[in-house]
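Input sequences plus hints: build the corresponding full structure.
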Amino acid sequence: MKKAEIDKRLLDLKARQGTGEKMPCPRCGRNTIKAPLAHNALSRYADLYVCDECGMTEAMLDMMRNPLPLEQWAVFKNTGPELDFKALSMQEVVGRVLGSQTEELLRLHRAWVLRTDGHTFDALREQALKACPGIMDLRENPFCAVYRAKDGQVLIRLRWDGNKSEIAVDTLPEKKK
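In case it helps, numbering that gives the first Met the number 0 puts the sequence shown at residues 0 to 176.
Check the hints yourself; a few may be wrong.
With a straight-line Cα cutoff of 30 angstroms, these simulated DSS-like cross-link-like pairs (lysine-lysine) come out [said to hold, decoys possible]:
#	residue 1	residue 2
1	21	2
2	33	76
3	85	149
4	13	85
5	21	7
6	21	174
7	33	2
8	33	85
No lab work stands behind these hints: they were computed from the structure.
It should be emphasised that the depicted structure is a prediction, and the values quoted were computed from it without experimental measurement.
Right, dumping it as structure tokens:
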């Protein structure tokens, strides 16, 4: 994504936030921005408000001098339609992902492990977001596909044993409030 496109999108988001439109956090895409707007965290990298969780995360990453690039914010990730697993239980999501996306995840993992110079993880993440319906994120280290279910998150982790990829599935239930 080019800088001009990012700047245009950020200006549009700032205008929408200024009108009081109820919207998800532009950084994570999960938490809703609170009203009034000033009760949210102000991003350190864009003139936008983000959820409190992202504000804390940005502060920690800034302290470590390791910011999340704007191109990886949720608002820039999903440009096409996405399949939503949020209505399914973690068990149902595991069944669907293992039944229909295992080959694609294995292909992506193998491509990352056997990559040559010039290949970035961001490009691989974009491929995953397009090729794996319902995926929320693809993490680099450890290589992990993240899916959100109604009762928590499903993590599909892959590792290389020298000859082939191995898969492990973890579920992270949401904390009850």
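Query raised in the report: When you check the alpha-carbon spacing of residue 21 and residue 2, does it fall within 30 angstroms?
Result: Cα-Cα ~26 angstroms, so holds.
Query raised in the report: For the pair supplied as a hint, residue 21 and residue 7, is the alpha-carbon distance within the 30 angstroms limit?
Result: Between residue 21 and residue 7 the Cα gap is close to 20 angstroms, so the pair holds against 30 angstroms.
Requested in this report: Starting from residue 85, check that the Cα of residue 149 is at most 30 angstroms away, please.
Outcome: Roughly 5 angstroms between the alpha carbons, so the hint for residue 85 and residue 149 holds.
Query raised in the report: Between residue 21 and residue 174, does the CA-CA distance stay at or below 30 angstroms?
Result: holds (24 angstroms)
Report task. Please work out if residue 33 and residue 85 have their alpha carbons no farther apart than 30 angstroms. Result -> With Cα atoms ~21 angstroms apart, residue 33 and residue 85 stay inside 30 angstroms; holds.
Query raised in the report: Does residue 33 pair with residue 2 here, judged by a C-alpha cut-off of 30 angstroms?
Result: holds (28 angstroms)
**Report entry** Pairwise hint evaluation, residue 76 against residue 33, where the allowed Cα distance is 30 angstroms at most
**Finding:** Holds, because 22 angstroms separates the two Cα atoms, which is no more than 30 angstroms.
Query raised in the report: When you check the alpha-carbon spacing of residue 13 and residue 85, does it fall within 30 angstroms?
Result: holds (27 angstroms)
Checked against the numbered hints given earlier, this structure breaks none of them.
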